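S.K.: Go ahead and model the full structure; you've got the sequences and the hints to work with.
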Amino acid sequence: DIQMTQSPSSLSASVGDRVIITCRASQTITSSLNWYQQRPGKVPRLLIYAASSLQSGVPSRFSGSGSGTDFTLTISSLQPEDFATYYCQQTYRSITFGQGTRLEIK
Amino acid sequence: HVQLVESGGGLVKPGGSLRLSCAASGFSFSDYYMTWIRQAPGKGLEYVAYISSSSTYTDYTDSVKGRFTTFRDNAEKSLFLEMNSLRAEDTAVYYCARMLHLSSWSVDFWGQGTLVTVSS
Chain A
18 DIQMTQSPSS
28 LSASVGDRVI
38 ITCRASQTIT
48 SSLNWYQQRP
58 GKVPRLLIYA
68 ASSLQSGVPS
78 RFSGSGSGTD
88 FTLTISSLQP
98 EDFATYYCQQ
108 TYRSITFGQG
118 TRLEIK
Chain B
419 HVQLVESGGG
429 LVKPGGSLRL
439 SCAASGFSFS
449 DYYMTWIRQA
459 PGKGLEYVAY
469 ISSSSTYTDY
479 TDSVKGRFTT
489 FRDNAEKSLF
499 LEMNSLRAED
509 TAVYYCARML
519 HLSSWSVDFW
529 GQGTLVTVSS
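From first to last, the protein sequence lines stand for chains A and B.
Take 18 as the starting number for the first sequence in this note's numbering and just add one per residue.
Take 419 as the starting number for the second sequence in this note's numbering and just add one per residue.
The set of hints was computed from the structure by calculation and includes no laboratory data.
A quick note: this is a predicted structure, and the numbers were derived from the prediction, not measured.
A hint or two may mislead.
[What the hints assert, rightly or not] Here are the simulated BS3-like pairs of lysine-lysine, each with C-alpha atoms no more than 25 Å apart in a straight line:
no.: 1; chain 1: B; residue 1: Lys483; chain 2: B; residue 2: Lys461
no.: 2; chain 1: A; residue 1: Lys59; chain 2: A; residue 2: Lys123
no.: 3; chain 1: B; residue 1: Lys461; chain 2: A; residue 2: Lys123
no.: 4; chain 1: B; residue 1: Lys431; chain 2: B; residue 2: Lys483
no.: 5; chain 1: B; residue 1: Lys431; chain 2: B; residue 2: Lys461
no.: 6; chain 1: B; residue 1: Lys461; chain 2: A; residue 2: Lys59
M.R.: If you want it as structure tokens, here you go:
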């Protein structure tokens with residue numbers, strides 16, 4: 018099974034900050050990596066698919082990069098609505114999620 | 419618009435069974451792979467299973483293999499998850515979700531979820 022490890026597990030930041038969340042796969046997954054946002058009490062929302070493609074309707078302050086085993090999600094300038102939990106997901110072989118990164122207001 | 423509505427959740431005793439349903443509307447259901455994802459209270463997302471558009475392929479996470487079965491009825495635009503030998507650790511909100519393949523697979527639309535509680 019492919020294991021996905023996110024870091025950090027939690028993060029405190031301020032509105033306007035640039036934030037980077039990383040995700041590492043236990044083996045190569047080429048670019049089969051997605052990022053989701055889940056606000057408290059809400060359903061997850063697809064942000065980035067295939068490592069770097071922005072899902073329709075997602076603000077351009079979100080971006081993704083990486084391939085192989087190492088990936089990043091960058092939020093260029095945090096907005097109040099961005100405080101949420103973020104998950105990476107691999108779909109290269111079966112499906113696995115990372116453990117999540119909780120982004121909190123500093 | 420796309421809608422996925424889960425039903426069938428509830429309280430069940432350890433060792434018991436439950437069948438979840440997911441009614442789809444607003445898209446061509448028979449063209450899409452579908453997946454079940456769960457989230458235990460206060461925990462992260464966990465993949466459960468997926469099924470191909472014509473039911474040719476299914477896949478399950480190791481912890482549910484042999485206990486859970488997913489199947490679909492394309493004529494009725496419905497997805498199902500049959501859960502047997504339920505354990506306390508199966509307690510979670512179960513989401514039905516649509517899979518999308520562009521350059522790779524992703525999950526682009528989620529239902530609101532149905533809560534399954536396994537407890538004596």
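S.K.: Decide, hint by hint, whether the structure agrees.
M.R.: Against the structure, the hints come out as follows:
no.: 1; hint: B:Lys483 to B:Lys461; result: holds, 21 Å
no.: 2; hint: A:Lys59 to A:Lys123; result: holds, 22 Å
no.: 3; hint: B:Lys461 to A:Lys123; result: holds, 22 Å
no.: 4; hint: B:Lys431 to B:Lys483; result: holds, 19 Å
no.: 5; hint: B:Lys431 to B:Lys461; result: holds, 21 Å
no.: 6; hint: B:Lys461 to A:Lys59; result: holds, 14 Å
Violation of the numbered hints given earlier is absent; every hint is satisfied by the structure.
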